[in-house]
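Colleague: Next come the chains, spelled out residue by residue.
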Amino acid sequence: MGRTLAQKVWDDHVVRRAEGEPDLLYIDLHLTHEVTSPQAFDGLRAAGRPVRRKDLTIATEDHNVPTTDIDKPIVDPISRAQIEALRINTKEFGIENYELGNKEQGIVHIIAPQSGLTQPGMTIVCGDSHTSTHGAFGSIGMGIGTSEVEHVLATQTLPLKPFKTMAITVNGKLPVGVTAKDLILAIIAEIGTGGGQGYILEYRGEAVRALSMEGRMTMCNMSIEAGARAGMIAPDETTFEYVKGREHAPKGADWDAAVAYWKTLPTDDDAVFDREVIIDATKLSPFVTWGTNPGQGAPLSATVPSPDDFTDEVDKKATEKALEYMDLKAGMPIRDIKIDTVFIGSCTNGRIEDLRAAADVLKGNKIADGMRMMVVPGSVRVRLEAMAEGLDKVFLEAGAEWREAGCSMCLGMNPDKLTPGERSASTSNRNFEGRQGPGGRTHLVSPAVAAATAIRGTLSSPADLVGSN
Amino acid sequence: MDKFTVHTGTAAPLRASNVDTDQIIPAEYLKRITRHGFEDGLFNSWRKDANFVLNRPAYQGVSVLVAGPDFGTGSSREHAVWALMDYGFKVVISSRFADIFRGNSGKQGLLTAVVEQSAVEQLWKIIEEDPSTPVTVDLEGQVITAAGFTTKFEVDSYVRWRLMEGLDDIGLTLKHVDEITAFEAKRPSFKPTTI
Chain B
1 MGRTLAQKVW
11 DDHVVRRAEG
21 EPDLLYIDLH
31 LTHEVTSPQA
41 FDGLRAAGRP
51 VRRKDLTIAT
61 EDHNVPTTDI
71 DKPIVDPISR
81 AQIEALRINT
91 KEFGIENYEL
101 GNKEQGIVHI
111 IAPQSGLTQP
121 GMTIVCGDSH
131 TSTHGAFGSI
141 GMGIGTSEVE
151 HVLATQTLPL
161 KPFKTMAITV
171 NGKLPVGVTA
181 KDLILAIIAE
191 IGTGGGQGYI
201 LEYRGEAVRA
211 LSMEGRMTMC
221 NMSIEAGARA
231 GMIAPDETTF
241 EYVKGREHAP
251 KGADWDAAVA
261 YWKTLPTDDD
271 AVFDREVIID
281 ATKLSPFVTW
291 GTNPGQGAPL
301 SATVPSPDDF
311 TDEVDKKATE
321 KALEYMDLKA
331 GMPIRDIKID
341 TVFIGSCTNG
351 RIEDLRAAAD
361 VLKGNKIADG
371 MRMMVVPGSV
381 RVRLEAMAEG
391 LDKVFLEAGA
401 EWREAGCSMC
411 LGMNPDKLTP
421 GERSASTSNR
431 NFEGRQGPGG
441 RTHLVSPAVA
451 AATAIRGTLS
461 SPADLVGSN
Chain U
1001 MDKFTVHTGT
1011 AAPLRASNVD
1021 TDQIIPAEYL
1031 KRITRHGFED
1041 GLFNSWRKDA
1051 NFVLNRPAYQ
1061 GVSVLVAGPD
1071 FGTGSSREHA
1081 VWALMDYGFK
1091 VVISSRFADI
1101 FRGNSGKQGL
1111 LTAVVEQSAV
1121 EQLWKIIEED
1131 PSTPVTVDLE
1141 GQVITAAGFT
1151 TKFEVDSYVR
1161 WRLMEGLDDI
1171 GLTLKHVDEI
1181 TAFEAKRPSF
1191 KPTTI
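Chain order of the listed sequences is B and U. Sequence positions in the first sequence follow this note's numbering and run 1 to 469. Sequence positions in the second sequence follow this note's numbering and run 1001 to 1195.
Just chain B, same shape as in the assembly (with noise of 0.2 Å):
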């Protein structure tokens, strides 16, 4: 029988397997940062273990960063020790860590593709859930723990069960204007923030495969808010155009040992997923959450639910709980909800495609009275790519904030944070209570639906725009 994508990544990666236990399994790159790694360095001390392999890990500062005033010492003392922390931990261990002001710094899953370390076939861990970005180019990407971390580093190795497969598969076009996270926002909706758990979910099917690695990023990166682990899409000439040439690709005999290679990689056309899901790409629209996790969501044109919508007692409950949090009354057209702060960046689009898509909304606007809008990008190269491409003159004239890189706003560890009461409009991956920020209220959208909604002041799609100035 033919096997899926996911079983051959898994299958070339066993180093070992044994009846009873779970299997070894290799790992090709860790990716590590200052806000998951200080307690697995200790480990390693208190025992005495190196690290294996120091050349297939590297560091990156980006969770707690500034994005403004990164010349300057970081003033939070207690982020500015665990920056520094890594620091040590790096030179003592010999890791390369890309530290502020380095041109490679950046959000963990930005760098490694930007740099060509991802690529096909691989399996990929960090010490952030979001790694399952990494498998929108056909490769294992996995969000670890901190024990496991120092797992990885003392053995480059992982103990792990198989995972059972998920095809989603999206057939036909995405109409106009409906984007890859509109796209997997309503995937997660569908199949629930636990329809994934034990899963590696396999995006398929026609609109998948048009889509850019950047899209193809945006979607795999949330499969953890449907609870699966990893999520993967087949390499593809996509995929092999956006790698080739990249600073750590393959080069010469390599390259073409490399892509026939990941030529075989594809699932093969009788192999069994254990679940299937399909998705009718034509169907769909802008797509935004309401609640308090990201599977409470709806269609921009939609109406917020009432608990009485649904029937299981658990989601009624949810419901209940999630509009009040969110002080939303059920019944009220989503595009009414006004929005006083709109974030774009984070590992979900926080890429050069994103910020293009929010720019050429913003471009010859302005935001709203009284709307605070944040652009950061997600590493240096995409800020300096950007500028190469006039887009920080596009949103400053607009009225936005052009940042330095970093997680910001997304999960609010650094000073880019909501106040109790506001509101955003958010292209980051996780609208949980406080998320960013103690008592911050945040609507998940895609770059293009955060800028009109900052032009607007309402939730709101680029559609809405047309003769409204």
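In short, the hints are calculated from the structure, not lab data. The reader is advised that the hints may include incorrect statements.
Stated by the list, open to error - Sample of chain U residues facing chain B (criterion: CB under 7 Å; computed from the structure): (1) S1095; (2) R1096; (3) D1099; (4) F1153; (5) E1154; (6) V1155; (7) Y1158; (8) E1165; (9) D1169; (10) T1173.
To be verified - Now the in silico label distances, taken between C-beta atoms and shown as ranges: (11) U:Q1142 to B:E241: 32 to 38 Å; (12) B:G198 to U:G1088: 28 to 34 Å; (13) B:D55 to U:H1036: 48 to 54 Å; (14) B:A388 to U:E1121: 25 to 31 Å; (15) U:E1128 to B:E247: 36 to 42 Å; (16) B:R356 to U:G1088: 48 to 54 Å.
As the list claims (entries may be wrong) - Keeping only pairs whose Cα atoms sit at most 30 Å apart, straight-line, the calculated DSS-like set for lysine-lysine is: (17) B:K263 to B:K164; (18) U:K1003 to U:K1048; (19) U:K1186 to B:K244; (20) U:K1175 to B:K164; (21) U:K1090 to B:K91; (22) B:K393 to B:K417; (23) B:K173 to B:K161; (24) U:K1191 to B:K164; (25) B:K164 to U:K1090; (26) U:K1186 to U:K1175; (27) B:K161 to U:K1152; (28) B:K263 to U:K1191; (29) B:K244 to B:K54; (30) B:K54 to U:K1186; (31) U:K1191 to B:K161; (32) B:K329 to B:K393; (33) U:K1048 to B:K316; (34) B:K251 to B:K283; (35) U:K1186 to B:K251; (36) U:K1186 to B:K161; (37) B:K164 to U:K1152; (38) B:K8 to U:K1125; (39) B:K329 to B:K363.
Virtual Cβ for every residue (Gly too), placed ideally from N, Cα, C.
Fit chain U to the supplied structure of chain B, relying on the hints for placement.
Modeller: Below, chain U without anything else, positioned relative to chain B:
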């Protein structure tokens, strides 16, 4: 890691689904570089509410948490496990756990016991009627008992063995270091390196 065989303690009902790790411990607490002392961050925003279950006098000293489905979703932060353990929890019972949270718990010795949602409802009823009810979680028999109510629970067999033996995962893997070295010798030359 301490061995885990049987645990008996009082339990708190957490009547919520989708308790994400941002709720278990907010990002602000993730700036610490130590592995202990996270108990003050546990359920930080909910604990500001005097009526939150862990603030009620009847539920002081609990060591078992009985939660709604999809517990531990979201961020991979192991700090969520550390905070629960630092607070004194030894077991979390739910009908569904997020994969990364369950993995992190297994590494640290926090038992995640999976039961049917109907059993969660039954346990909620028992510990709400009498918060002093001792709840016994027997890892060997994979059974939970409380006030005459008994239910089986699921746990990964390998994690169960490791918890019962109190074994360190890295030590176990390093026993196979020769196999890792042999695997490395066969890796294709086109695989990327960071330096």
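Colleague: Against this structure, judge whether each hint is valid.
Modeller: How the hints compare with the structure:
Using the Cβ-Cβ criterion of 7 Å, the hint placing U:S1095 at the interface with chain B is not satisfied: the shortest such distance is roughly 9 Å. Residue-level restraint check for U:R1096 holds (minimum Cβ-Cβ distance to chain B is 5 Å; threshold 7 Å). With 7 Å as the threshold, the beta carbon of U:D1099 comes within range of chain B, its nearest partner Cβ sitting at about 5 Å, so the hint holds. Restraint check, U:F1153 versus chain B: the minimum CB separation of about 17 Å is more than 7 Å; hint violated.
Checking U:E1154 against chain B: minimum C-beta separation of about 12 Å lies over 7 Å; hint violated. A distance limit of 7 Å between C-beta atoms decides the matter here; for U:V1155 the minimum to chain B is near 13 Å, and the interface restraint is violated. About 6 Å separates the beta-carbon of U:Y1158 from the nearest beta-carbon of chain B, less than 7 Å, and the hint is met. Given the 7 Å rule on beta carbons, the hint for U:E1165 is violated: about 13 Å separates it from the nearest Cβ of chain B.
Taken as an interface hint, U:D1169 checks out: its beta carbon lies about 6 Å from the nearest beta carbon of chain B, inside 7 Å. With a least beta-carbon distance of about 5 Å to chain B, the hint placing U:T1173 at the interface is held under the 7 Å criterion. Range check, U:Q1142 to B:E241: Cβ separation about 51 Å, and the 32 to 38 Å hint is violated. Between B:G198 and U:G1088, the C-beta spacing of about 29 Å keeps the proposed range 28 to 34 Å intact.
The hinted range of 48 to 54 Å is not satisfied by B:D55 and U:H1036, whose Cβ atoms lie roughly 33 Å apart. Range check, B:A388 to U:E1121: about 59 Å between beta-carbon atoms, so the 25 to 31 Å window is missed. One distance hint, 36 to 42 Å for the beta-carbon pair U:E1128 and B:E247, is violated here, with the actual separation near 59 Å. For the pair B:R356 and U:G1088, the supplied restraint of 48 to 54 Å holds, since their beta-carbon distance comes to about 51 Å.
The suggested pairing of B:K263 with B:K164 holds, with an alpha-carbon distance near 23 Å, which does not exceed 30 Å. Using a Cα cut-off of 30 Å, the hinted pair U:K1003 and U:K1048 is violated, with the two alpha carbons roughly 34 Å apart. The suggested pairing of U:K1186 with B:K244 holds, with an alpha-carbon distance near 24 Å, which does not exceed 30 Å. Only pairs whose Cα atoms come within 30 Å are accepted, and U:K1175 paired with B:K164 is accepted, the gap being roughly 28 Å.
For the hint linking U:K1090 to B:K91, the alpha-carbon distance of about 36 Å lies beyond 30 Å, and the restraint is violated. The hinted pair formed by B:K393 and B:K417 meets the criterion: a straight-line CA distance of about 24 Å does not exceed 30 Å. Simply put, B:K173 and B:K161 have alpha-carbon atoms about 36 Å apart, too far for the 30 Å limit, and the pair is violated. Note on U:K1191 and B:K164: the hinted pairing holds, with a Cα-Cα distance of about 26 Å set against a maximum of 30 Å.
Note on B:K164 and U:K1090: the hinted pairing holds, with a Cα-Cα distance of about 29 Å set against a maximum of 30 Å. Using a Cα cut-off of 30 Å, the hinted pair U:K1186 and U:K1175 holds, with the two alpha carbons roughly 20 Å apart. Our distance criterion of 30 Å between C-alpha atoms is met by B:K161 and U:K1152, whose separation comes to about 22 Å. Note on B:K263 and U:K1191: the hinted pairing holds, with a Cα-Cα distance of about 15 Å set against a maximum of 30 Å.
Using a Cα cut-off of 30 Å, the hinted pair B:K244 and B:K54 holds, with the two alpha carbons roughly 24 Å apart. Between the alpha carbons of B:K54 and U:K1186 the distance comes to roughly 18 Å, so the proposed pair stays at or under 30 Å and holds. Between the alpha carbons of U:K1191 and B:K161 the distance comes to roughly 24 Å, so the proposed pair stays at or under 30 Å and holds. Distance check on the hinted pair: B:K329 and B:K393 sit about 38 Å apart at the alpha-carbon level, beyond 30 Å; violated.
Proposed proximity of U:K1048 and B:K316 is supported: the alpha carbons are some 25 Å apart, at most 30 Å. For a cut-off of 30 Å, the pair hint linking B:K251 to B:K283 is broken: about 42 Å separates their Cα positions. Between U:K1186 and B:K251 the CA atoms are separated by roughly 19 Å; this keeps the pair inside 30 Å, and the hint holds. Simply put, U:K1186 and B:K161 have alpha-carbon atoms about 23 Å apart, close enough for the 30 Å limit, and the pair holds.
With a CA separation close to 24 Å, the supplied pair B:K164 and U:K1152 stays within the 30 Å bound. The straight-line distance between the Cα atoms of B:K8 and U:K1125 is roughly 47 Å, outside the 30 Å bound, and the hint therefore fails. In summary, the hint linking B:K329 to B:K363 is not supported, as the alpha carbons are separated by about 33 Å, beyond the 30 Å threshold.
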